[in-house]
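A.B. asks: Sequence:
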Amino acid sequence: MKIRYFRDTDTLYIEFRPNSVAETRDLDEDTQIEVDAKGNICAITVEHASHRADLPELDYEQVAA
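Using numbering that gives the first Met the number 0, you'd call the opening residue of the sequence shown number 0 and step up by one each time.
All clues stand as given, with none of them false.
Restraint-style ranges between C-beta atoms, simulated for each label pair:
id, residue 1, residue 2, range
1, K1, G38, 15 to 23 angstroms
2, L26, D53, 16 to 24 angstroms
3, A64, T10, 30 to 38 angstroms
4, E56, D7, 14 to 22 angstroms
5, D53, A21, 28 to 36 angstroms
6, D7, I32, 20 to 28 angstroms
What the hints contain is simulated information worked out from the structure, not anything from laboratory work.
Idealized CB from N, CA, C, for every residue including glycine.
Construct all of the structure, not just a fragment, from the sequences and the given hints.
C.D. replies: Here's what the structure looks like:
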């Protein structure tokens, strides 16, 4: 998983897997989701991210099943 924040465009890009993207779907006017040929989520793009999320705060926790 890779998380990138582009300050110049205020865009947050979260890549879940580096698969080839087959389709990009609009969730709303500022959020796109990219899926592979099997429908698995590859990435999410969030425009105007600083207004929609608490950036640059990042908290990561891996929880055992």
